[in-house]
Amino acid sequence: MTVAPTPSQTVGPFFRFGLCEQPCSELVKREQPGALRVFGSVLDGAGEPVPDAMVEIWQADEAGTYRGDFGWARCGTDAGGRFSFVTVKPGRVPGANAEAQAPHLVVLVFARGLLKPVLTRMYFPDEAEANGVDRLLEAIDDPGARGTLIATEAADGLRFDVRLQGDGQTTFFAL
Amino acid sequence: MRERLRLQEVGDEAEGQPPYLFPDYRSTRLRAPTKPLLLLPQTLSELTGPAFGDDAVDEFDHDLTRQHGGEPLGERIVVSGCVLDRDGRPVRRALVEIWQANAAGRYIHEGDRHPAPLDPNFTGAGRCLTDDDGRYRFVTVKPGAYPWQNHPNAWRPAHIHFSLFGRAFTNRLVTQMYFPGDPLFDADPIFQSVRDAEARARLISSLDWETTTPEWALGYRFDIVLGGPAATPLEQ
Chain A
1 MTVAPTPSQT VGPFFRFGLC EQPCSELVKR EQPGALRVFG SVLDGAGEPV
51 PDAMVEIWQA DEAGTYRGDF GWARCGTDAG GRFSFVTVKP GRVPGANAEA
101 QAPHLVVLVF ARGLLKPVLT RMYFPDEAEA NGVDRLLEAI DDPGARGTLI
151 ATEAADGLRF DVRLQGDGQT TFFAL
Chain B
1 MRERLRLQEV GDEAEGQPPY LFPDYRSTRL RAPTKPLLLL PQTLSELTGP
51 AFGDDAVDEF DHDLTRQHGG EPLGERIVVS GCVLDRDGRP VRRALVEIWQ
101 ANAAGRYIHE GDRHPAPLDP NFTGAGRCLT DDDGRYRFVT VKPGAYPWQN
151 HPNAWRPAHI HFSLFGRAFT NRLVTQMYFP GDPLFDADPI FQSVRDAEAR
201 ARLISSLDWE TTTPEWALGY RFDIVLGGPA ATPLEQ
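Going line by line, the protein sequences match chains A and B.
If you're matching positions, the first sequence starts at 1 in my numbering and goes up one per residue.
If you're matching positions, the second sequence starts at 1 in my numbering and goes up one per residue.
For reference, chain A alone in the conformation it holds in the complex (with noise of 0.2 Å):
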């Protein structure tokens, strides 16, 4: 038997206080060896930020192992849309077939005026190797579609936008 699922509601613009109080957006220390910087904006489909999203990611950790003690994090944009994440780059995880995949984040969007969350994933644009074999990645044919999903070189760390509609607009997964 199989029971129907709870709809989706949007997270509406007040979430702050409720979700965003406890810091949790740094899954280890900046001073570690590998700490990494993932940032980014949500932008909406006039290019402008979303200063009312929150983005939350789930990884492995650096050795390829899923834990149910690490790996999860949390970030309200800003007034400006932006988001930031202290974390460290996952190692590869198998794949559906066993196959490894490329190291990744996978990354969930909620925000006012998203009725249920938007789920993508973020590659590392060091990874060209892994990227050209992962499985994932190979059967999107569009390079700009599959661009969306790999992160780029910044001074500070690596950049990650997402856009939620449009041109350019992420890819997004469904279940």
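No wet-lab data here; the hints were simulated from the structure.
In this text, all values refer to a predicted model and were calculated from it rather than measured experimentally.
Hints may be right or wrong, so weigh each one.
Unchecked claim - Just so you have them, the derived chain B footprint on chain A, three or more residues with Cβ under 8 Å:
id, segment
1, 6-13
2, 48-58
3, 67-74
4, 90-103
5, 110-120
6, 131-138
To be verified - Have a look at the derived ranges for each label pair, beta carbon to beta carbon:
id, chain 1, residue 1, chain 2, residue 2, range
7, A, Gly132, B, Pro180, 49 to 57 Å
8, B, Asp131, A, Glu153, 40 to 48 Å
9, A, Pro94, B, Glu110, 38 to 46 Å
What the hints assert, rightly or not - In silico negatives: residues of chain A with every beta carbon more than 12 Å from chain B:
id, residue
10, Lys29
11, Pro33
12, Ala155
13, Arg159
14, Asp161
Here a beta-carbon is modelled for each residue, glycine too, at the ideal position from N, C-alpha and C.
Dock chain B against the given chain A, drawing on the hints supplied.
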């Protein structure tokens, strides 16, 4: 040569869920994705999720009426229910977070410009973990309805925001719990964005005599079913 994975493009029609684009809710117009979604093969990345321990919640996190020096104004209520997976099994140790307006319909959030009073004894945020039977319980006050800018004379029905973690990160659910018989339902595009009437009904709590406490508080029951893939919990 190995076979290439084929990703199916799917429309935005998940059963019983609101669409991304619902023009009556104005903010969806520039924020709803317009390209097809790609059906994601399920790997460990989709089937695992964070586990939360007792250190995730403090003693008064579940009782929003005891987080300040005095009691908040308004109608004291008990809100409780079960968190279940799609097979009807309880989801144990699930983190449940809630946030809401006060009894006057005002959020403590700095962006809320509704000219209704803040309550010095009410923040409106709570969290708890479900027990071994998947049950959660909060004590709070009934939130007020409040106006918003979506259309002329727009009012939100009273609601409590819920955020939940299931066994897998992709079971994540953010939703809103409503109160039975609210006359604002028909005029609220966020509630109406769920097009299926039976699905909409699953957002409405029911008066619960089991948790209604004599001489003290009315009880409302709100059971929650998490969708997404089935998953095995990770040991913490």
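The hints, checked one at a time:
1. Under the rule that three or more residues need a Cβ within less than 8 Å of chain B, the assignment of the segment 6-13 of chain A holds, with 8 such residues.
2. Remark: the segment 48-58 of chain A is confirmed as covered by chain B, as 5 of its residues place a Cβ nearer than 8 Å to a Cβ of that chain, reaching the required three.
3. A stretch counts as covered by a chain when three or more of its residues have a beta carbon under 8 Å from one of that chain; for the segment 67-74 of chain A and chain B the count is 5, and the coverage holds.
4. Only residues whose beta carbon comes within less than 8 Å of a beta carbon in chain B count, and the segment 90-103 of chain A has 5; three or more means the coverage holds.
5. Interface restraint, the segment 110-120 of chain A with chain B: holds (10 residues with C-beta to C-beta distance below 8 Å; minimum three).
6. With a threshold of 8 Å between beta carbons, the proposed coverage of the segment 131-138 of chain A by chain B holds, since 3 of its residues qualify and at least three are required.
7. In this structure the supplied range 49 to 57 Å holds for Gly132(A) paired with Pro180(B), their Cβ-Cβ distance being about 55 Å.
8. In this structure the supplied range 40 to 48 Å holds for Asp131(B) paired with Glu153(A), their Cβ-Cβ distance being about 46 Å.
9. The hinted window of 38 to 46 Å between Pro94(A) and Glu110(B) holds, with their beta carbons roughly 45 Å apart.
10. Residue-level check passed: Lys29(A) sits 18 Å from the nearest beta carbon of chain B, beyond 12 Å.
11. Residue-level check passed: Pro33(A) sits 24 Å from the nearest beta carbon of chain B, beyond 12 Å.
12. At the 12 Å boundary, the C-beta of Ala155(A) stays outside the reach of chain B, the nearest C-beta of that chain being 29 Å off.
13. Once the 12 Å rule is applied to beta carbons, Arg159(A) is consistent with being away from chain B; the minimum gap is 20 Å.
14. Against the 12 Å criterion, Asp161(A) stays outside the reach of chain B, whose nearest CB is about 14 Å from its own CB.
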